[in-house]
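Taking the hints into account, I'd like the entire structure generated from these sequences.
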Amino acid sequence: MSGQALSGLKVVEWSDFVSGPYCGKLLADLGAEVIKVERPGTGDKARSYGPFPQDIPHPEKSGLFLYLNTNKLGVTLDVRTATGAQILSKLVEQADVLVENNPPREVEELGFAYKRLSEINPRLVMASITPFGQTGPYRDYRSCDLISFNASGLAFVNPSDGVEDPEGQPPLKGPGHQGDFVAGLSGAVATMAAVLTSRVTGSGQHVDVSEQEALASIMRSYLGLHAIEAMTWKRLKGSIPGMVSDKYHCADGMVYLLCGQDRFWAQWMKAMGDPDWAQNELFQDRISRRENWDAAKAMIEEWTRERTVEEVVRTADASRVPCRPINTVKALANSELAAARDYFVDVDHKEAGTVKYPVGPFKLSQTPWRVQRPAPLLGEHNEEVYCNRLGYTRQELTVMRAGGVI
Amino acid sequence: MHELPLEGIRVADFCHVWAGPHVTQWLAVMGAEVIKIESHLRPDLTRSFFAGGKTLMPGLNQSVDFAVLNYSKKGCTINMTLPRGIELAKEIISLSDVVTENFGGPVMDRWGLGYPDLKKLRGDIILYSGSGFGRTGPYKESPAYAPIIDAFAGLTSLNGYSGGEPCPFGVGGWTDLTAAQHGAFAILAALHHRYRTGEGQHIDLSMSEVDCAFLPDAVMDYTMNDRVQRPQGNRDIAMAPHGCYRCQGEDNWVTIAVSTDEEWKAFCNAVGNPEWANDERFRDGPSRWRNQDELDQLIQGWTRNHTDWQAAGLLQEAGVMAGPSLSPQAVVQDRHLAEREFFFDMEHPEMGTVRLPRLPLNMNHSPFGKYEHAPSIGEHNDYVFRELLKMAEEEIAQLQEEQVIF
Numbered sequence: 001m002s003g004q005a006l007s008g009l010k011v012v013e014w015s016d017f018v019s020g021p022y023c024g025k026l027l028a029d030l031g032a033e034v035i036k037v038e039r040p041g042t043g044d045k046a047r048s049y050g051p052f053p054q055d056i057p058h059p060e061k062s063g064l065f066l067y068l069n070t071n072k073l074g075v076t077l078d079v080r081t082a083t084g085a086q087i088l089s090k091l092v093e094q095a096d097v098l099v100e101n102n103p104p105r106e107v108e109e110l111g112f113a114y115k116r117l118s119e120i121n122p123r124l125v126m127a128s129i130t131p132f133g134q135t136g137p138y139r140d141y142r143s144c145d146l147i148s149f150n151a152s153g154l155a156f157v158n159p160s161d162g163v164e165d166p167e168g169q170p171p172l173k174g175p176g177h178q179g180d181f182v183a184g185l186s187g188a189v190a191t192m193a194a195v196l197t198s199r200v201t202g203s204g205q206h207v208d209v210s211e212q213e214a215l216a217s218i219m220r221s222y223l224g225l226h227a228i229e230a231m232t233w234k235r236l237k238g239s240i241p242g243m244v245s246d247k248y249h250c251a252d253g254m255v256y257l258l259c260g261q262d263r264f265w266a267q268w269m270k271a272m273g274d275p276d277w278a279q280n281e282l283f284q285d286r287i288s289r290r291e292n293w294d295a296a297k298a299m300i301e302e303w304t305r306e307r308t309v310e311e312v313v314r315t316a317d318a319s320r321v322p323c324r325p326i327n328t329v330k331a332l333a334n335s336e337l338a339a340a341r342d343y344f345v346d347v348d349h350k351e352a353g354t355v356k357y358p359v360g361p362f363k364l365s366q367t368p369w370r371v372q373r374p375a376p377l378l379g380e381h382n383e384e385v386y387c388n389r390l391g392y393t394r395q396e397l398t399v400m401r402a403g404g405v406i
Numbered sequence: 001m002h003e004l005p006l007e008g009i010r011v012a013d014f015c016h017v018w019a020g021p022h023v024t025q026w027l028a029v030m031g032a033e034v035i036k037i038e039s040h041l042r043p044d045l046t047r048s049f050f051a052g053g054k055t056l057m058p059g060l061n062q063s064v065d066f067a068v069l070n071y072s073k074k075g076c077t078i079n080m081t082l083p084r085g086i087e088l089a090k091e092i093i094s095l096s097d098v099v100t101e102n103f104g105g106p107v108m109d110r111w112g113l114g115y116p117d118l119k120k121l122r123g124d125i126i127l128y129s130g131s132g133f134g135r136t137g138p139y140k141e142s143p144a145y146a147p148i149i150d151a152f153a154g155l156t157s158l159n160g161y162s163g164g165e166p167c168p169f170g171v172g173g174w175t176d177l178t179a180a181q182h183g184a185f186a187i188l189a190a191l192h193h194r195y196r197t198g199e200g201q202h203i204d205l206s207m208s209e210v211d212c213a214f215l216p217d218a219v220m221d222y223t224m225n226d227r228v229q230r231p232q233g234n235r236d237i238a239m240a241p242h243g244c245y246r247c248q249g250e251d252n253w254v255t256i257a258v259s260t261d262e263e264w265k266a267f268c269n270a271v272g273n274p275e276w277a278n279d280e281r282f283r284d285g286p287s288r289w290r291n292q293d294e295l296d297q298l299i300q301g302w303t304r305n306h307t308d309w310q311a312a313g314l315l316q317e318a319g320v321m322a323g324p325s326l327s328p329q330a331v332v333q334d335r336h337l338a339e340r341e342f343f344f345d346m347e348h349p350e351m352g353t354v355r356l357p358r359l360p361l362n363m364n365h366s367p368f369g370k371y372e373h374a375p376s377i378g379e380h381n382d383y384v385f386r387e388l389l390k391m392a393e394e395e396i397a398q399l400q401e402e403q404v405i406f
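First to last, the protein sequences are chains A and B.
In this text, residue positions in the first sequence follow this note's numbering: the first is 1, and each later residue adds one.
In this text, residue positions in the second sequence follow this note's numbering: the first is 1, and each later residue adds one.
Some hints could be false.
As the list claims (entries may be wrong) - DSS-like, lysine-lysine: derived pairs with alpha carbons at most 27 Å apart: (1) A:Lys-45 with B:Lys-265; (2) B:Lys-370 with A:Lys-115; (3) A:Lys-330 with B:Lys-140.
What the hints contain is simulated information worked out from the structure, not anything from laboratory work.
Structure follows, in C-alpha cells:
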C-alpha cells in the first residue's frame, strides 16, 4: 500500500455547516491534507447543531460536526481582520485547493475573488459551493437546505408516490441536509476534475457549484422529459403514471416490495399461493394492473398484514422478488448487513468519547477509506499550522489571540 | 485553453439503467473515451423507458431517459453470451484504463472478468463495481432498486410529514444518482493515485452505504442517544419559521426559513406586520420554535395573497431566506438556470433537437466539459472494431454474421 489516494493534495477549507465541509471530508478521508478555517469563538455552525450526547449542547460534541470534519486540521481565523485576511492568503498560497461556501459578494468584498487568488497562486483550484452559483439573477439569494431543495424541483416530487391531500401537504424537503450533502458531493467531483486538469495544464480554475443545479441534476430523467413534452406534474397520489405505492404494512412493521413488473408479479403471486383474486382480468397485464393498483395493493396487504416483516422478506427473497424492510436507523445499525460491511466505524474523540460514525460509502482495495484523526477541536492546530508552517512565533500567536484574530 | 482532465483515458463501460451510466457520464463529460458495451440481446433498459414525443416505442434510440444519462459516450454491441464476445471485451479492456459495471450480482466473475482477471489483462486497471448492498456481505447478489435500498438504509423511515408514515423518497433515481457521483469521485481519486504510483485498484461502492453517508444526524442520534428519529416534514431542529407555505395560484408554494431574531424582524417588516416581532409568542428563537403551529398559520395568511415569486422576491430583498417550490416544468423554464446554460440543445440523429440538463460542472463562469449526443445502439462499432481493435473488414463481417458483434 502506498499512502492514500489523495496523499499529497493540500486543501484549505474555508467553509461552514454541511456543503463545503462534506466536500472537504470526501477529500480528507482519502488522504488529502485539509486545513479547516473556522471563525474564532463559535466556530463552524455545525458545532451548535447537534445531535449532542444527552441533548446537552457542547461545541465539541455535535454529531453532525464530528462526522463532517474527520481527518481535518482545524484553525481559527477572523478573515475580516487585516491580519486574518493576510493569513488566509498565505494558506492559499501554499495550497492546491481552496474549498469555500461563502456568499459570493462577501468573498469579493473580503478580497478573495478567484482572480486575485489566482495571482497569488496560479495553480490554485478554487471550489465555490453556493446555493445558486457565481452568476445569474439569483446569485446573491440567501438559502439553506429547505430553500435549495425546493428550488431544484425535488421537493415538488417528494414523496415519490404523491400525496393524499395536495392542499394540506406541501412539497416536502428530504430528511436532514440531503441538498447540502449533494452540493458538497458535486463540489468534490468538480474539484477533482479541476485538480486533474491542472496536472496537465499547470493552472488552476474557479469551480462554480450551484446547489440548485447539483440537485436539479439528480432530477435529470424528469427534467429531460419535461423539456421535451408539455407536461404538468400533479402531486395528487395516483395521478403520476408509474408512480404507484409499493409499501406494505406487516404484522410488526412495514416493507417495501416491488411486484408490479410482469416477472415479479408472477413470482409474487406464486409465493402468496396463487390467490383467486389474482385471476381477475384487471390484474393480468402491467398497464391494467397499474390502473387498478389500489385494489391489487389492498389484496396483497391483507396477506402481508398477517405476517411479520421477517416472514414477508424471507418469502420474497426465496421467490426472487425485490423486498426489504422499511428500517429505522436503529434496525439498520443492528442488521447483519451493517455488521458484515462495517457500515459504522468507532471514532475516539477527546471530548465526545468513542462514538459510531457512518463510514465512507466506497471501498477502495489499495487505498482504503479511513479515519486517521477525529474532527479537530476549535483551534486545535493553530500552533502547528501558524507556527510550524507559516513561521509565526508563539509570541505573535498570543498577540493574534488577544486581538481576536485567531 | 480548454483541456479536459480525462482526455486520453479510456473506459470500458458495462453499466446499465441509472446508477452505472451516470458514473460514466461524468467521466465522458470530463473528456474520457467511454465505450459503452451493450448488445441487441441486452440493450440498456433505459433505451425502452420514456420514449420522447411518441406514443409507441420507437426503437432503441429515442428514449429521453437514455439520452439524459448517456450523453458524450460511444456505443458498441458485443454478445457476451458467446466466448468470442468475451474475447472481444477483453481486447477492449486491454486498451482501457478503467472498467465499470453495476450488475445485479457477480456477472463479471462469471465472464472471467473479475478484478484478478482484469489485472492480468492490464496491471494498473481500475475496476469500478456499483451495487445496491456491496460486492461482499449477505446481499451481494441482490439487484439494486433505489426504493428498496432507501427502505433498507433508513432513508425512507425519515422521509415524510411530521407524525405521518414513512414515504418513499423523491425522484425514483435519487440514490442511483447520489451513488453514481460518489462513484465518479472514487474513480477520479483512484486515477489521481495511479498517476502518482502506477497502481490501479478495485472500487466497491454500495448504494445503501451512500444513503447512510447522508444521514449522520439520525445515525449519530441513535449511536449517541439510542434515539430513533421519525419524519419531521419541512421542519428544522433549530429554525422557525421553517416551512413551505401555500401561495396564490394552482399548487403554488413558497419556502421560508428564519434563523436569527434580526431576520425575524426583517421578515415581519417585509410582510407589513412589524407588530408580530413584539408578539410574546414569537419574540425569540425558542418561542417561535415552540409556537410554530400558530406561526405557520399567520405566515400562510400572508403568503396566500402572493405568488411564489412575489413572496420570495420580497423576502430575499429584505435579507430573509425564501424561494419558490419549483415543479419540474418550472425548473425547465427557470430564468436563473437558463442564464447559467444549465439546459442545452443537443442535436440527436433520430430525435432531432432535444433540450437536456447538463451536469453541475462549471469552471470560470462557464459550463465545462464535452457534450455529445448519446450513442445509438452500436453506433461506434466501426470505430471500436476497425480503428481501435484494428480488425479486418472480413473478420468484422464474419463476427456480425455469427452474431458476436450484435
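Status of each hint after checking the structure:
Restraint check for Lys-45 (chain A) and Lys-265 (chain B): the C-alpha separation of about 22 Å stays at or below 27 Å, so the hint holds. Of the pairs offered as hints, the one joining Lys-370 (chain B) and Lys-115 (chain A) holds, with about 25 Å between alpha carbons and a cut-off of 27 Å not exceeded. For the suggested pair Lys-330 (chain A) and Lys-140 (chain B), the alpha carbons sit about 22 Å apart, so the restraint of at most 27 Å is met.
Comparing the model with each earlier hint shows no violations; every hint is respected.
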